[in-house]
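Peer 1: Below are the chains, spelled out letter by letter.
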Amino acid sequence: MCLAIPGKVVKITEKTCVVDIMGAEREASTELLDGVKVGDYVLVHAGCAIQKMDEQEALDTIRMFEEMKDIAHE
Amino acid sequence: MCLAIPGKVVKITEKTCVVDIMGAEREASTELLDGVKVGDYVLVHAGCAIQKMDEQEALDTIRMFEEMKDIAHE
Amino acid sequence: MKDIITLAHGSGGKLTHELVREIFNKHFANDTLLQGNDATCFDVPQGKIAFTTDSFVISPVFFKGGNIGKLSVCGTVNDLAACGAHPMYLSCGFIIEEGFPLADLERIAASMGETARECGVKIVAGDTKVVQKGAADKVFINTSGIGVVPAGINISGSNAKPGDKVIITGYIGDHGCSILLEREGLDISSDIQSDCAPLSGMMGEVLAAASDVHVLRDPTRGGLGTTLNEIAIQSNVGIRIFEEKIPVRNEVRGVCELLGMDPLYMANEGKMIIIAPEASVNTILEVLKKQRYGVDSCVIGEVIDTPAKRVVMKTVTGGSRIVDMLTGDQLPRIC
Amino acid sequence: MKDIITLAHGSGGKLTHELVREIFNKHFANDTLLQGNDATCFDVPQGKIAFTTDSFVISPVFFKGGNIGKLSVCGTVNDLAACGAHPMYLSCGFIIEEGFPLADLERIAASMGETARECGVKIVAGDTKVVQKGAADKVFINTSGIGVVPAGINISGSNAKPGDKVIITGYIGDHGCSILLEREGLDISSDIQSDCAPLSGMMGEVLAAASDVHVLRDPTRGGLGTTLNEIAIQSNVGIRIFEEKIPVRNEVRGVCELLGMDPLYMANEGKMIIIAPEASVNTILEVLKKQRYGVDSCVIGEVIDTPAKRVVMKTVTGGSRIVDMLTGDQLPRIC
Amino acid sequence: MNNLIDEFRNSDTARKMVRILSEYKGRPVNLMEVCGTHTMSIFRFGIRDVLPESVRLLSGPGCPVCVTPNYFIDAAIELSKMDDVIITTFGDMMRVPGNGSSLLEQKASGKDIRIVYSPLDSLKIAANNPDKKVVFLSVGFETTTPVSALTVIKAKEEGINNFYLLSANKTMPEVLKTLCLDPEVNIDGFIYPGHVSVITGTAMYDEIAEKYGMPGVIAGFEPLDILHAIIRLVSNIMSGRVLSENGYKRAVNPEGNPVALARLYEVFEPCDARWRGIGLIPGSGLKMRDAYADYDAWKVFDIQVTDHSDPKGCLCGEVLKGKRTPKECKLFNTICTPENPVGACMVSSEGTCAAYYKYDMKR
Amino acid sequence: MNNLIDEFRNSDTARKMVRILSEYKGRPVNLMEVCGTHTMSIFRFGIRDVLPESVRLLSGPGCPVCVTPNYFIDAAIELSKMDDVIITTFGDMMRVPGNGSSLLEQKASGKDIRIVYSPLDSLKIAANNPDKKVVFLSVGFETTTPVSALTVIKAKEEGINNFYLLSANKTMPEVLKTLCLDPEVNIDGFIYPGHVSVITGTAMYDEIAEKYGMPGVIAGFEPLDILHAIIRLVSNIMSGRVLSENGYKRAVNPEGNPVALARLYEVFEPCDARWRGIGLIPGSGLKMRDAYADYDAWKVFDIQVTDHSDPKGCLCGEVLKGKRTPKECKLFNTICTPENPVGACMVSSEGTCAAYYKYDMKR
Ligand code: SF4
Ligand code: SF4
Ligand SMILES: [Mg+2]
Ligand SMILES: [Mg+2]
Ligand SMILES: [Mg+2]
Ligand SMILES: [Mg+2]
Ligand SMILES: [Mg+2]
Ligand SMILES: [Mg+2]
Ligand SMILES: [Mg+2]
Ligand SMILES: [Mg+2]
Ligand SMILES: [Mg+2]
Ligand SMILES: [Mg+2]
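Residue numbers (the working numbering), protein chains in the order written: chain A, 253 to 326; chain B, 253 to 326; chain C, 87 to 421; chain D, 87 to 421; chain E, 91 to 453; chain F, 91 to 453.
Don't take each hint at face value.
[What the hints assert, rightly or not] Here are the simulated distance ranges between beta carbons:
| id | chain 1 | residue 1 | chain 2 | residue 2 | range |
| --- | --- | --- | --- | --- | --- |
| 1 | B | 319 | E | 345 | 24 to 30 Å |
| 2 | D | 104 | E | 420 | 21 to 27 Å |
| 3 | E | 333 | B | 321 | 14 to 20 Å |
| 4 | C | 218 | A | 291 | 37 to 43 Å |
| 5 | E | 420 | D | 117 | 35 to 41 Å |
| 6 | D | 117 | C | 378 | 35 to 41 Å |
| 7 | F | 143 | C | 112 | 44 to 50 Å |
| 8 | E | 246 | D | 192 | 48 to 54 Å |
| 9 | F | 219 | C | 378 | 51 to 57 Å |
| 10 | D | 122 | E | 372 | 54 to 60 Å |
[Unchecked claim] Incomplete in silico selection of chain F near chain C, CB under 10 Å:
| id | residue |
| --- | --- |
| 11 | 185 |
| 12 | 199 |
| 13 | 200 |
| 14 | 201 |
Quick caveat, the hints were computed from the structure, so don't treat them as lab data. All figures in this text were calculated on a predicted structure; none of them were measured in a lab. A virtual CB, placed ideally from N, CA and C, is assigned to each residue, including glycine.
With the hints as constraints, model all of the structure from the sequences given.
Peer 2: What follows is the structure, given as C-alpha cells:
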C-alpha cells in the first residue's frame with residue numbers, strides 16, 4: 253500500500269509545491285506538511301507531500317548498508 | 253415547397269393512420285383530416301395526412317391528358 | 087473471457103492475444119494467417135498487383151441483408167474485382183468501442199470468414215484497437231486487399247469510349263435505402279434489404295467471357311449518379327442514361343419520393359457498373375443473368391462524346407437533364 | 087472548402103473528391119497514387135510479399151515527437167521492416183469526426199507524406215470516412231503496407247535460438263510515457279517525447295550487413311515485456327534480460343515510479359528488438375550506432391533454453407523474476 | 091390506379107404533350123412556377139429541355155428555405171449555442187448560410203441539431219430530453235404551417251413544456267399580388283402550387299385572375315401535371331382567357347382543408363413578413379398568437395440578432411421574382427455552388443439556382 | 091545524493107547483502123512483509139529468488155485493495171449506475187471483482203468512472219461538473235487517509251457541495267495485533283510499512299514488541315532497504331532481541347507527521363471494520379465524523395448492498411494472514427489469473443497472488 257516517491261522541491265506556492273522526480277515534474281499539495289522549502293526532498297503520495305526526506309539520514313543509511321558484515325555480527 | 257406524396261391507407265388508429273407508398277410504410281397523423289378510411293389514398297406531408305386523393309378525379313384527369321389535342325383546340 | 091470488450095482487449099497484452107485467437111483466428115482460419123509476425127509473408131502469382139483499402143463505419147452494425155463484417159469483405163473484394171483483379175488476400179483492422187458485446191463481435195467475424203470463403207480470399211493480417219466508451223460508434227472495420235490482375239485485362243475508369251454501353255448488374259439504391267430506414271427517427275418500414283454481396287466470382291466469369299470490358303466500378307457511396315460522373319471525368323467522355331431503364335425497386339422509389347431523395351445517389355454494395363463495347367454486351371448479359379448476383383442486369387445507357395465529363399439522363403418526357411455528382415449527403419427534405 | 091470537416095466530406099460526392107485532391111493527393115503525391123480507380127495496380131519485384139495492417143487511434147492526435155499521421159506511416163513501415171521486408175506501398179484509411187479542423191488534417195497528411203518520402207514508400211490507395219460528431223475521437227487512421235522480402239532473408243518471431251543475443255535499438259518507454267502525460271488529468275510535465283520513427287532504412291542496412299538475423303520485432307503496444315513474451319512463445323525458448331542493461335531515460339523512470347508503472351510495458355514507436363546469433367552482434371551494433379535511430383542500441387539479454395516460453399529478468403539483487411505479458415492496460419496506481 | 095404517381099409519369103402521354111407544345115408558334119410567353127417543388131420537378135423531368143423557345147419558365151418565390159432571411163438562420167444558430175437547447179429542423183435548412191455559418195457547420199462543431207421528417211417528431215425528442223429545450227425551426231407555407239400548429243397544440247395538450255417553435259412561416263396571396271403589381275416583373279401566367287392549394291382551396295386564385303388580370307393553373311407535381319398546366323396556360327393566354335383553372339382536382343377542392351386551416355389559425359395570426367431578397371410584404375407572414383406565447387421561441391428566448399442585409403452580389407431577390415435567371419448572376423457557378431452556396435436559392439434543393447446548377451443542360 | 095532512489099538500488103551493495111543472507115544457517119524464520127508495496131518490491135527486484143530456503147517471506151494484509159470487501163465494490167457500482175454520479179478512484183480499484191462485475195466493466199458499459207492520481211483531482215472534476223455528484227472511492231491506510239481527509243476539508247472550505255467520499259479506510263495497529271494473537275499464524279517478525287510509519291511514527295511498533303513479543307523493522311521500499319530489514323530481523327530473531335527498529339530513518343520520525351494526523355482525525359474517527367477474508371476487527375477502521383456527514387456517500391446516498399460473502403474457494407483471507415501461500419489455493423493460475431481475478435489478492439498489482447503470478451520464478 254501507499255506508493256510514495258521522493259522528489260526534489262523546485263518551486264513553492266502558497267499551498268503547493270512542484271517536485272522533480274528524475275526530471276518529471278508534478279505539483280503536490282503542501283497542506284499536510286509544514287515548512288517545505290525549495291531544495292528539500294519530500295515524499296510524495298497521492299498528490300501530497302507527506303514528509304520531508306532527510307539527506308543526512310540517507311547518507312548515513314547508505315554508509316551503514318555498505319559496511320554491513322555477516323548476520324551474527326549485525 | 254411542400255413535398256407531399258400519395259399513399260394508400262392500410263391501417264387506422266385513433267389519431268393516426270399507416271400509409272403505404274409503393275411498399276414503404278409510414279405512420280401519419282390524421283389530426284388535420286377528418287374521415288380517413290382504410291383503402292383511401294391520402295396526401296402525406298411532414299408526417300400528416302393533409303387531404304384525401306380522389307381516384308375518380310385521377311382517372312378523369314388521366315383520360316383528359318391522353319385525349320389532349322393541339323394547343324389551339326385546347 | 088468476459089462478455090464485453092474492455093480496454094484491456096486492446097492493450098496488446100494477454101487479452102488481446104486471447105481475443106485474436108478465440109475470435110479472429112477461429113473464424114478467419116487459413117494457413118497464411120497464422121504466421122504470428124508483424125507482417126504476413128506470401129508468394130503471389132505473376133501479374134500486376136491490385137491494392138485497395140476501405141474503412142467501414144456503418145450504423146447500425148447489423149442490418150437487413152448483412153452486417154459490417156460481411157460489408158467490409160464485400161467492399162474491398164468488389165474494389166479489387168472492379169480493377170479486373172482476382173482478390174487473394176485481405177487485412178482487417180478493428181477499432182472497437184469499449185463495452186461492445188463479444189457475441190456481436192463474433193457474429194461479425196463469422197460473417198467475414200464466411201464471405202471471405204465464398205470469394206476464395208484469405209484474411210491474412212489483422213489489428214485490433216479498443217477505444218474508450220464514446221470514442222467510437224460501436225465498431226469500425228478497415229479492410230485492405232491484394233489481388234492479381236490476369237494478363238490481358240486492362241480495366242480502368244479512364245477507358246470508357248464513345249459508343250460503349252453501360253450495364254448495371256441489378257436494382258440500385260437498396261443498400262443506401264435500407265440503412266437509411268434502419269437508422270432511428272424516420273419511422274418508415276419496408277422490406278428493402280441491403281444488396282451487400284461479393285462480386286468477384288461473377289466478375290471473373292464476365293472477364294473470362296469478355297476480356298474487352300473497358301470499365302468496372304461499384305457504385306457505393308454517392309451511388310450510381312456520382313460513380314458515373316467519376317467515370318465521365320476520368321475518361322473525358324459523356325455518359326447518357328435512360329430514366330426508364332434504370333432498375334429501382336418500388337419500395338426504394340417510395341421511400342425516395344417520401345423523403346425527397348434520389349435513388350441515383352443511394353449507395354449500393356452488391357452492384358457493378360460495366361462499360362464495354364457494344365459488341366460484347368450480349369455476351370456479358372448472358373453471363374451475368376446466370377449469376378446469383380446478376381440476374382437483374384441490364385443496359386442503362388451509353389457513352390457519348392459530348393457533353394464531355396458530364397452525365398445526362400433522358401427522362402420520361404424525352405427531355406434530358408444533368409445528373410451531377412452528389413453534393414454532401416442527401417438529407418430528408420420536406421419543403 | 088470550409089475550415090472544418092463536415093459529413094459532406096465523407097459522402098462520396100464532390101467535397102470528398104475535393105478533399106482527396108487538395109489534401110491527400112497533394113501531400114502523398116506519387117505516380118502510382120493518381121490512377122483514380124477502385125484499386126491501384128502496380129508491379130512488384132520478385133520475392134515474397136509482406137503485408138500488414140494497423141489502425142491508429144492515438145489521443146492526443148498531436149504529441150511531442152510526432153502526430154497520428156507520422157505514427158501511422160512509421161507503425162506499418164516498421165512492421166514490414168520487422169519481417170525483413172523492404173516497404174514499398176501503403177494504403178491509408180481515414181475515419182474523421184465531423185468538426186475536425188481541416189488545417190489539422192492537412193498537418194497530419196503532410197507528416198504522412200514526409201515520413202513516407204523519408205522511407206521511400208508510396209501511399210497509393212486511400213479511403214476517407216466522416217462520422218457524426220461524437221461517433222469517433224477526432225481522427226483514426228488505418229495504414230496497410232506491402233513490402234518485398236529480399237531473397238535469403240528469413241526472419242520470424244519463431245526463429246530465436248538459445249545462445250542468440252537480444253538487442254534493443256535505444257531507450258524504451260518514451261512513446262508510451264509521453265502519450266500518458268499528454269492525456270489530461272495527471273498534471274505531470276516532462277521533456278519526454280515520443281520516439282516515433284521509421285526504421286526501415288536502418289533495418290535494411292542491418293540486414294545488408296548481417297543477413298543471419300533471426301528475429302526482428304518492434305515493441306509497440308504492450309512494450310518490450312509483452313513483445314519478448316510473444317517471441318519466447320513463438321520460438322518455444324526462454325529469454326533472459328538484465329535489468330541494469332535496459333536503457334530507460336530518467337524522466338521515464340521518474341514518471342513510472344510516481345504512477346506505479348513499469349517501463350517494460352510502455353509502448354515504443356521507434357525501436358526494434360533484434361535477436362541474432364552472438365557472432366553477428368558486433369557487426370549489427372556497429373551498423374546501428376551509425377544510424378540516427380540506432381545510436382543508443384545495446385545488448386539487453388539472451389535467448390535461453392529454459393524456462394521455455396518465458397521471459398525472466400535478472401535484477402540488481404542478482405535474483406531473477408518473471409516478466410509476464412501485460413494484462414490489461416497499466417493504470418496509475420497509488421496504493 | 092396503381093399508386094397515383096406512375097400514372098402521371100407515363101412516357102407516351104408525356105411525349106404527346108411535348109409534341110403538342112412543340113407546335114406552339116405564337117408569341118413568347120413567360121410562365122412562373124411559383125412553387126419550388128415545381129421547379130425541382132421541371133428540372134428533374136427535363137421539362138425545360140423539351141419546351142419550345144417561345145415558352146419560358148420562371149421560378150418564383152415558393153421555396154420556403156429560399157425566402158427565409160439570413161437573420162432567421164442566425165437566430166437558430168444563436169439558440170443552438172445554448173447548452174440546453176436542441177434544434178430540430180427539416181433537412182432543407184441545414185445548408186442555408188446565415189451570416190458566416192450554417193446549421194450544418196454548427197452541428198459539425200458539436201451543437202445538438204437534429205433533422206426531423208415531421209415537426210411532430212420533435213415532441214418525442216422533447217419528451218425524451220426533459221432537461222433540454224427543443225426548438226423546431228418552423229418554416230413553410232400554408233401546406234406546412236398546419237403541421238407546426240398541430241405540433242404546438244399537441245405539446246399543450248400533452249403538457250410538454252420544453253418545446254418551442256422558432257417561426258418564419260409565410261402565406262402565398264400577398265406575394266403573388268406583389269409580383270402582379272411589380273412593373274419590372276414580366277409574367278403572363280402562374281403555375282400555382284398544388285399542395286398549398288390542397289389546404290387553401292382555390293378562391294384566392296380567382297381573385298388574382300379577376301382583380302389582377304393574371305391567369306393561372308393549379309398543378310400537381312408529376313410531369314404530366316406540369317406539361318398539362320403549361321399547355322393550358324399557353325392556350326388560355328393565346329386566346330386571351332384570364333382564368334384560374336384547377337389541373338389538380340384529384341387533390342385540390344375549392345374549399346381546401348378546413349380542419350387544417352382551423353388548426354393553423356388557432357395557433358398563428360397574420361403579420362407582415364420579410365422575404366429574402368424581396369423585403370417586407372405586409373400581411374404575408376404568420377406569427378404565433380399570444381395564447382401560445384409560451385411556445386414561441388422568439389418570445390421565450392433572448393435572441394440578439396441584428397438584421398443583416400442579404401449577401402453581397404447575390405441576385406436571389408431578382409431570381410425569386412423571376413426578373414433574372416441564375417445565369418445572369420455573376421456569382422453563379424463561379425463563387426456560388428451547391429458546395430459553397432452564397433444565396434439560399436443555391437442551397438435549397440428546390441432553389442432556382444440549385445436547380446439550374448444541378449439539372450440544366452445548358453449550364 | 092542523486093535522487094534518493096538509485097542510491098538504494100546499488101547492485102554491488104545488494105549483492106553483498108544477498109551474500110550475507112546466504113550465509114545464514116540458523117533455524118527457519120518466517121517474516122511477514124505487511125505492506126503490499128513491499129510485496130511488489132520484493133518480487134520486482136527478485137528478492138525472494140535470492141533468499142536462503144530458511145528465510146521465508148509471507149505477505150500480509152497491507153494492500154488496501156485486497157482487504158476491501160466485496161460489498162464496497164458493489165456499493166461503488168450501485169452509485170455509478172446513478173445518472174448524475176461520477177465515480178473517481180485510484181486505478182488500483184478498477185479491476186477488483188465485486189459480486190458479478192467490476193468498475194472496469196461498468197466503465198466499459200458506459201458508466202462515468204474516472205481514474206485519478208490524487209483524491210484532490212476529484213475536486214476539479216466536481217467543480218467542472220456542477221450538475222453531477224462526484225464520489226471518490228476512499229480506501230487506504232494511514233498514509234492515504236490524510237489526503238482523503240484534506241480533500242473533504244478543502245471541499246468544505248471551497249464550498250464544493252457535490253463531492254463525497256465512499257470510504258473504507260483502515261488502520262494498521264489492530265490488524266497487526268490480531269495477527270500476533272492468532273494461534274494459526276506463524277510469524278517470527280514483521281517488515282513494517284514504511285509509508286504508514288511516515289504518518290504514524292514508530293510508537294505503535296514498540297507496543298507490539300513490548301506487549302506482543304513480536305520483533306519488527308520499519309523498511310523503505312528499495313531493494314537495499316528490504317534486504318537490510320531482512321538481515322536485521324534474522325539477526326535479531328537469532329539473538330532473541332525482541333525489538334522494533336527503524337530502517338527508514340530518512341523518512342520516518344518517531345512522532346510521524348502530526349499535521350497529517352490532525353487532518354485525518356478532523357474528518358475521520360475510529361470504527362470497527364470488515365477486512366476481506368479476515369472478517370470484522372474492532373477499532374481497525376475509520377469512518378467520517380458526523381460533522382462531515384454531508385460529504386459521506388454512505389449517508390447521503392441510498393445504497394442497498396447486501397453484504398455478500400467472499401468468493402467461493404478463494405483463500406485470500408488465509409493468504410492475507412500469511413497462513414497459506416497463493417500456490418496452496420486451488421484456483422491459483424487455473425481459474426484465478428490477473429485477467430480473470432477471483433479474489434482481490436489477484437487483482438491488485440500489490441496483491442500477493444498477483445505478485446506470485448507475475449513475478450515468481452517457481453510458478
Ligand atoms: S447563384 Fe448564388 S449568389 Fe447568385 S442569385 Fe443564385 S444563390 Fe444568389
Ligand atoms: S489465487 Fe485467487 S482465488 Fe486463490 S487466494 Fe489468490 S485471489 Fe483468492
Ligand atoms: Mg477502396
Ligand atoms: Mg469499397
Ligand atoms: Mg497491430
Ligand atoms: Mg468502389
Ligand atoms: Mg500490423
Ligand atoms: Mg505496427
Ligand atoms: Mg509490430
Ligand atoms: Mg473508399
Ligand atoms: Mg445547444
Ligand atoms: Mg453515473
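Peer 1: The structure should be examined with respect to each hint, and the outcome stated for every one.
Peer 2: Okay, the hints, checked on the actual structure:
The hinted window of 24 to 30 Å between residue 319 (chain B) and residue 345 (chain E) holds, with their beta carbons roughly 28 Å apart. The hint said 21 to 27 Å for the Cβ distance between residue 104 (chain D) and residue 420 (chain E), and at roughly 22 Å that hint holds. Separated by about 19 Å at the C-beta atoms, residue 333 (chain E) and residue 321 (chain B) satisfy the suggested range of 14 to 20 Å. For residue 218 (chain C) paired with residue 291 (chain A), a C-beta distance near 40 Å keeps the hint of 37 to 43 Å intact.
A beta carbon spacing of about 39 Å between residue 420 (chain E) and residue 117 (chain D) agrees with the range 35 to 41 Å that was offered as a hint. Checking the proposed 35 to 41 Å range against residue 117 (chain D) and residue 378 (chain C) shows it holds: the Cβ atoms sit about 39 Å from each other. Distance hint check for residue 143 (chain F) and residue 112 (chain C): the Cβ-Cβ separation is about 45 Å, which falls inside the suggested range of 44 to 50 Å. A C-beta distance of roughly 51 Å is found between residue 246 (chain E) and residue 192 (chain D), which places it inside the suggested range of 48 to 54 Å.
Roughly 56 Å separates the CB atoms of residue 219 (chain F) and residue 378 (chain C), a value that falls within the hinted 51 to 57 Å. For the pair residue 122 (chain D) and residue 372 (chain E), the supplied restraint of 54 to 60 Å holds, since their beta-carbon distance comes to about 56 Å. At its closest, the beta carbon of residue 185 (chain F) sits 8 Å from a beta carbon of chain C; the interface hint therefore holds under the 10 Å criterion. The closest approach between the C-beta of residue 199 (chain F) and any C-beta of chain C is roughly 5 Å, which is under the 10 Å cut-off, so the hint is satisfied.
A distance limit of 10 Å between C-beta atoms decides the matter here; for residue 200 (chain F) the minimum to chain C is near 5 Å, and the interface restraint holds. Hint status for residue 201 (chain F): holds, given a least beta-carbon distance of 9 Å to chain C, under 10 Å.
Checked against the numbered hints given earlier, this structure breaks none of them.
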